[in-house]
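*Asks:* Sequence:
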Amino acid sequence: MRSMEEFNLVTCPLNRSTLIEASAGTGKTHAITGLYLRFLLEEQLSVGQILVVSFTKASTAELVERVSKTLRTALAALTALEEPKDPLYQNWWPKRVEHKLRLQLALQSLDEARIFTIHGFCQRVLNQYAFESGQAFENRLIEDPAPLIEEVSADFWAIRSRELSWVQLEVLIAKNLGPSGLAKVFGKYTGRLEIEVLAPPYPAGELSLAQAQALFEQMVDWWEKDRAKLVELISGPGLKKGSYSEKALAACPEEMDDFLGSPLSGSKPFDRFKLFTTNWLAQQTKNNFTPPTHPFFDLAQSLLEELEIQALRTDQWLAAFLADFLIEAKTRMAAKKQLQKSQFFDDQLIELDKALSGPNGERLKFQIGQEYKAALIDEFQDTDPLQYRIFKGLFGAGALFLIGDPKQSIYAFRGADIFAYQLAQKETKGRYTMGVNWRSDPGLLTALNHLWQKHRSPFWYGFVEYSPVRPRPEAQDQMEGAAVQVYLLEQDGSLPAHGNNKTKTKINTAWARTEIPRLLASQIKQLLQSSKLGGQSLAPQDIAVLVRKNSQGEEVKAALDQQGIPNLFLGRQLLFQTEEAYDLARLLYALLNPEDARALRSALASVFFGFDAQGLETLLKDPGHLARWQAYFDHWQNEWHSKGLLMMATQLADQIEMAKGLLAKQGGQRIWSNWQQLIQSLGNGEPAAQLQLLKDRLAGNGGEKEELWADQDQRSVTIVTVHKAKGLEYPVVFCPYLWEGKSPKKPTNPIYHKKGQLVFDLHPDADNSLYEEEEFAESLRLMYVALTRAKHQVHLYFGPIGDWETSPLAWALSPCSDDREGGPYEKQKSWLKDWDSKTIKARVEELGLESGGALEIKEGAPKNYSSPPPNMPAAISPWKYKPGPNRAWRISSYSGLAQTAHQPEELGKDRDPAPLLAAVPTNLEVSLALAQFPKGAKAGLFFHDLLEHWSWSGDPKPWVQTQLTQHQFDRERWQEPLTQWLAELPKVDLGGFGMGDWGPKDQWAELEFIYPVKSLTADRLANFFAKVPGYEAYGAQLKTLGFATLTGYLKGFVDLVFRFQGRYYLADYKSNHLGNQAVLYREEALNEVMGSSHYHLQSWVYAWALHQHLSRRLPDYSYKTHFGGVYYLFLRAMEPGSQAGVHWRRPEESDLLTFGSLLGGH
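Under the UniProt record's numbering, the sequence shown has 1067 at position 1067, and the numbering climbs by one with no breaks.
Any given hint could be a false lead.
[To be verified] Simulated restraints on C-beta separations:
(1) Glu579 to Leu88: 49 to 55 Å
(2) Glu5 to Gly181: 27 to 33 Å
(3) Gly181 to Lys454: 45 to 51 Å
(4) Phe463 to Leu528: 25 to 31 Å
(5) Glu83 to Lys549: 39 to 45 Å
Simulated from the structure, these hints should not be mistaken for lab results.
Since the structure is predicted, the reported quantities are computational estimates derived from the model, not experimental observations.
We put the CB at the ideal spot given by N, CA and C, even for glycine.
Generate coordinates for the entire structure from the input sequences, incorporating the hints supplied.
*Replies:* Okay, here's the thing in structure tokens:
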């Protein structure tokens, strides 16, 4: 392999393919922005000719900001009066006038900079050169492939499961390979590009347990007949007591009872089944004794062998079945995406790669090459062969810079392929390393250099090298003590021993997982009390604890909480799996049902209100206190309905001083952040719908799995996984789990590289050595990332704990000669089999001497160690309700006004009151077709969606079927009646015309409006309507409204606005059930409903909105000419030949103008 030169930003050649290895902390982004400057000024390229690619939106956004900052810094340097000291700027000083103009132009045109994610770049190229690439213009990007993966897997299961035998189905079910299990396998497969499936062919013949079943049934007969004799035979003195111990002999008869008493499956029998087999009995018979014999033992031997044969055949069949599934699912997925005209992000990479190698490929390369004259690829270690092939094909012959660090390639689960980096090492013309670390103190770099630089293969693969780095000029250690402190746990007999370690030289793994987080918490507490950083006391926010898994993070968090140390865990915690999400569901339910005392008590017990057990008990014993809280909940319910969830939640939190109470509590910052995120995640909508959305998300239905916001609490110890910590830095880093190793075990369907090809190996007897190598090598790279996050100090925990020999830190400490056989785990166990606490201690001390004291050993656990006592935070008193000011200014709606009526019903919504004309005999008219359609708000949503999105042409049956399914109504019961009703609805007489008499261009659904109002009160509305002819009685009903004076805005949505013969009409759909006969939906009945439900008010609010809209949009607008009126359509009664259910009014122009003046006039 070619050796690496040290990278020099000033002198590095620009016009060739170059690979730059940027070790942690060496200024990768500075190198990228510096090269960007050189291309701008030395090669005289524009910002639109320099391509910069990174692999995440966050890193891309950072690059945009850093490029902008670099341009400004360079411009300031070249504008200064004196020549700058930076060698880069000194090169440009002689032509500074010219360069200043270019920098100014670059800053002015920075919005044209080509800084993309890899997918963003591919999308732009495919769209910009659609003809050459063959890309369809209308393709839609799908961000989350999971729903389509699940759909394809379910389709496959629905078809293939019908063709399988019961034995095959049982195999799939036992392996959890139903639709959801198959979706997981397919997701694993589709997440990797250019992957090959390895699988055996189907075994000859069918899977069958017939022969095994025959043997099983004979065993049952013999067992029932000779059970006591058989137990006596295996209990004889001639059998070795190691296998036939008293414990085994006591248990195995009952285990055989259970086995023979259950239906036979293809699974392996219980472990002690072999005690009844002929071969095992012969092996375990003592010398000079004859093995016991019995037909049952022969049958058991035959059954065991038959089941083993069938197990091999089953595994082979399963592998072949999964291979079939993956191929067919991939084909189905492609067909569905083509039908839907959609793509996943990775499809863009595939399409561009195809286009570059297709018939128009050379032309496409030429055109892209004309646009981009240089390419800088950031985080190159996270690429894959396909992406590298794209970059090489487009820019490999010119100015291509690949910047990354193979030691930090830790995202294989996302598709990152370190072997693409190896390929680039061979094919690029220039190869450099960056030698100065700008992050860490000299002592820390010395210790880490000694840990890796003398190792023969520090990262397993030879092509991943370690180049020592030196500290920045004039750097000094900022903390007292060694830069790397190893807390060594020694097994001197006082600590629990590892279970499989006969010599008792190892420490029990379960004990270490419990106690190391506690030891860490105590040591962090001591560090905070005694250590200084730059002359200041060390603070919690200066410390980070890095873990590999979320479960480890939870263990550390619990230990820090126990010691009262503020902390923040940044693991992958899902918002709707938090306790706060469940507490919010209880709170919202109680707000919608304030009369439910049990719901109210449950809500008050949530973390948001801060009551402890004693406070809750006191509250529950005081009816007056509980009644006051019930009044508060009534008030918040009205606020929720009138102002929305966000405004209500803000007011609630303010009035109970939630933030103040939570932030005074240990962990309260996280709870407060979760509250805010939950409220925002539920968005806008009707209260009942928002609560249902929350319930659905808690059940795991719908929506993406939303992770918690990163908490901005700056006063806490950070707990973070190594994967999340990459790219970050912390003053002090604790790594408590680098001792964790692995026992080699057979993986399920491993993904690894074989002769350069990524494979998905389904063979039941797959060779795991290559997979183990890749897994182990990544663990070494994870350790590198973890240790290099520190700026000043690293604290490690180590010792002979469990399978410590296979840990990444053990590899760094071991001799690692290459004369051993096997994979990494076997090699390490072989090398370190004789090591114990003393050997480890000697090796760490040797490393400390070599580093000049930059690394030292600390006592991991004191003698006679016991768990530290918890330091529990003081109890927090419940925070109190604080009444807020009665703010008149707000945004409201018709529903917000109507819902304040002093009536028990919830007004302003489609509801189902008792029949208004109950005295009408039921036999006067035929029952309406939709009279028995389900009632309530759900029905209202169904009818609105049915009509809002219906095209009013073609066969309505599929549309009705879709809506019934989506809204979960009985399709079999309602499909035909609703289809007929929807087909005939255009024929209903609206007063000389019907809904089929205007075209789609003459109607607008769900029009939103908002307009200002000032000093609006219920009394003013009542006085107005009392004077309007035909509304006198309604004026009295309006006095029941109790909303506070409104100054602000009224907003709403109009179901339908349509134009017919030059006039504009409003229509509002109502699904109210007024009875089963059409007579109950005639004018007099509808008038009563219009008043009692305050639909009259709604119609005038909507009419004023349309009048204002038309007066601004139509140049010759005249109310008399253009305003047609307001329809309220009670849908259940609308049938051809009848005007039942149709209510129409057209306010007098003078009355509507007066109403507008009452609202505010504008």
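*Asks:* Hints first: check each against the structure and report whether it holds.
*Replies:* For each hint, the structure was consulted:
Roughly 54 Å separates the CB atoms of Glu579 and Leu88, a value that falls within the hinted 49 to 55 Å. For Glu5 and Gly181, the hinted distance range of 27 to 33 Å is not satisfied, since their beta carbons lie about 51 Å from each other. The given range of 45 to 51 Å is respected by Gly181 and Lys454, whose C-beta atoms sit roughly 47 Å from each other. Distance hint for Phe463 and Leu528: a CB-CB separation of about 42 Å, inconsistent with the stated range 25 to 31 Å.
Evaluation of the 39 to 45 Å hint for Glu83 and Lys549 yields a failure: the beta carbon distance comes to about 54 Å.
Of the numbered hints stated above, those contradicted by the structure are hints 2, 4 and 5, listed in ascending order.
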